[in-house]
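Protein sequences appear in the order of chains A and B. Whatever position you read off the first sequence (first residue = 1), add 767 for this note's numbering. Whatever position you read off the second sequence (first residue = 1), add 40 for this note's numbering.
One or more hints might be untrue.
Below, computed lysine-lysine pairings styled on DSSO-like, alpha-carbon distance capped at 27 Å [unchecked claim]:
| id | chain 1 | residue 1 | chain 2 | residue 2 |
| --- | --- | --- | --- | --- |
| 1 | A | LYS836 | B | LYS111 |
| 2 | A | LYS847 | B | LYS360 |
| 3 | B | LYS444 | B | LYS353 |
| 4 | B | LYS444 | B | LYS360 |
A short list of chain A residues far from chain B (calculated; beta carbon distances all over 10 Å) [unchecked claim]:
| id | residue |
| --- | --- |
| 5 | ASN798 |
| 6 | TYR819 |
| 7 | ALA830 |
| 8 | MET838 |
| 9 | PHE841 |
| 10 | ALA843 |
| 11 | GLN860 |
| 12 | GLY864 |
Hint data in this document are derived by calculation from the structure and do not stem from the laboratory. Built from N, CA and C at the ideal position, the CB exists for glycine as well.
The primary structure of each chain is shown beneath.
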Amino acid sequence: MPSITYVHTDGSREVLDVPLGTSVMRGAILNGVDGIVAECGGEMMCATCHVYVEEPYLDRTPAQSDDEKAMLEFTASERKPNSRLSCQLVVTQEMDGLVVYLPESQV
Amino acid sequence: MPGPVVAVVGAGQAGFQAASSLRQEGFAGRVVLIGDEPGLPYQRPPLSKSYLAGESGLDELLLRPGAFYEKQEIELVSGDAVTAIDRPARRLRLASGGTLACDHLVLATGARCRTLPVPGADLDGVFALRTLADADILRERLAVAGEVVVVGAGFIGLEFAAVAIGAGCAVHVVEVTTHPMGRVVSAETSRFFTRAHRDWGATISLGAGITRILDDGRRVTAVETTDGRVLPADLVLVCIGVLPNTELAGEAGLTVDNGIAVDEYLATADPAVSAIGDCANFPTPYALSRVRLESVQNGVDQARAVAARIAGKRVGPYDKVPWFWSDQRDLKLQIAGITVGHDAAVLRGDPESRSFSVFCFRGDLLIGVESVNRPADHIVARRLLAGDPRLNPEQAGDESYDLKAHMARKP
Chain A
768 MPSITYVHTD GSREVLDVPL GTSVMRGAIL NGVDGIVAEC GGEMMCATCH VYVEEPYLDR
828 TPAQSDDEKA MLEFTASERK PNSRLSCQLV VTQEMDGLVV YLPESQV
Chain B
41 MPGPVVAVVG AGQAGFQAAS SLRQEGFAGR VVLIGDEPGL PYQRPPLSKS YLAGESGLDE
101 LLLRPGAFYE KQEIELVSGD AVTAIDRPAR RLRLASGGTL ACDHLVLATG ARCRTLPVPG
161 ADLDGVFALR TLADADILRE RLAVAGEVVV VGAGFIGLEF AAVAIGAGCA VHVVEVTTHP
221 MGRVVSAETS RFFTRAHRDW GATISLGAGI TRILDDGRRV TAVETTDGRV LPADLVLVCI
281 GVLPNTELAG EAGLTVDNGI AVDEYLATAD PAVSAIGDCA NFPTPYALSR VRLESVQNGV
341 DQARAVAARI AGKRVGPYDK VPWFWSDQRD LKLQIAGITV GHDAAVLRGD PESRSFSVFC
401 FRGDLLIGVE SVNRPADHIV ARRLLAGDPR LNPEQAGDES YDLKAHMARK P
């Protein structure tokens, strides 16, 4: 199972094994990682599962859809070039070791 | 745990959010979340979409795993109902026989499906869709159904119809008005979705009601319409709207008028009782009259507002922009604001391209935007409505007019 690291704003890290085909958002929710809200449940309606992907892993993540690009306009914390909605990061083997940073706030 | 006790009645999306937001806001007393359904709190939207279609499972429905409630010290009481509120004594009575003393009560009792007042409405094969249990039965029955009649062409009816068509069923949607989803969308959007469903293969009968549901002595066989037709069916879904669950509040002497009446802080006339989500009737700057809204956004944002107030934070009147969504096959409908009561609808983009928005105005005022496969317009609309909604109909209808630049303009 690919390993995903969630880094909180205080620098603390949670390392989880997330099953293939599960999103980085769902992995966080199922394991009680604070800092991901996911109000709409992964429908790309709310932008409350915003994360920053550590640069080296960016090109191993799936391409951004137009819907995701539009919703990233609505994040509570600053949108950066490495901003993603974690509901759209469905875990593949290539994403093993992925590190995502949680934003200051989601709402 | 010492300190004040907050009881949240109803463990749907709003109730869940109220309980978890209380903790996020630093509330240190007891939080008791009481739901009458079994199991852990879950999301309802997928029940008529991906869960119904078998594309997602129970894990994906759960709002949080069981461990969350322990960690957050939220006392989750599942499968039990509150049967009475004793306001003078600040005490709740439970169906299981116990009582619970509480200092503040949050009513998030939700709504229940309206039933069809015709003979045969309780036959085997006639269903509603609101709960996980409903969806589980429908998933099974849909797999073996041949002819499906959907009574009511609202969001749920059309989402269900889309899934049923996908499952290979013959689908007939019967709608009593002339506009599918007409309670919440413009005539333009309604016509577009009606055509889309017909193109997918559904039959849609408008302006027709149901007189009775027929059976062969064992189960449903057909539906008889007010215009005298008999439509064969081995599965009937009745989705003709919901009724807010207001009985508890009414019996406790609180004002009920299409929902539990609350003020702009979402409090009832009793400051120790608040109401949120589908069951609450509240004043809003986004409509000319008070409203009761049925949506995830409404439940979640109201829950956050009430939790912050109970936790002692300084809060202003509730003023979040309402938004809604619906997924029907390749069409994603997103609505910002409340478009009911508009007197002008301006199209942006070409419906033939399956990507367009309808900007709805009342006089000069933009009151809401319906977007189909056009998320960027939806986001702009949410921003505009939350801040300065000035945008004229010519700008709205001109695709070469840059809406993002419009938002960035100086006042």
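Going through the hints against the structure:
Distance restraint check for LYS836 (chain A) and LYS111 (chain B): the Cα-Cα separation of roughly 34 Å exceeds the 27 Å cut-off, and the hinted pair is therefore not satisfied. In summary, the hint linking LYS847 (chain A) to LYS360 (chain B) is supported, as the alpha carbons are separated by about 25 Å, within the 27 Å threshold. For the hint pairing LYS444 (chain B) with LYS353 (chain B), the CA-to-CA distance comes to about 34 Å; that exceeds 27 Å, so the pair is violated. Restraint check: the Cα-Cα separation between LYS444 (chain B) and LYS360 (chain B) comes to about 21 Å, which is no more than 27 Å; the hinted pair holds.
Consistency note on ASN798 (chain A): stated as away from chain B, yet its beta-carbon is not over 10 Å from all of that chain's, at 8 Å minimum. Its beta-carbon lying about 20 Å from the closest one in chain B, TYR819 (chain A) satisfies the requirement of being farther than 10 Å from that chain. Annotated as non-interface, ALA830 (chain A) keeps its C-beta farther than 10 Å from every C-beta of chain B; the closest such distance is 16 Å. The claim that MET838 (chain A) is not at the interface with chain B is violated, since a C-beta of that chain comes within 10 Å of its own (minimum 6 Å).
Under the 10 Å C-beta cut-off, the non-interface status given to PHE841 (chain A) relative to chain B is violated; the minimum distance is some 5 Å. ALA843 (chain A), annotated as away from the interface, keeps every beta carbon of chain B farther than 10 Å; the closest lies near 12 Å. The claim that GLN860 (chain A) is not at the interface with chain B holds, since no C-beta of that chain comes within 10 Å of its own (minimum 21 Å). Annotated as non-interface, GLY864 (chain A) keeps its C-beta farther than 10 Å from every C-beta of chain B; the closest such distance is 24 Å.
Checked against the numbered hints above, the structure breaks hints 1, 3, 5, 8 and 9 and satisfies the rest.
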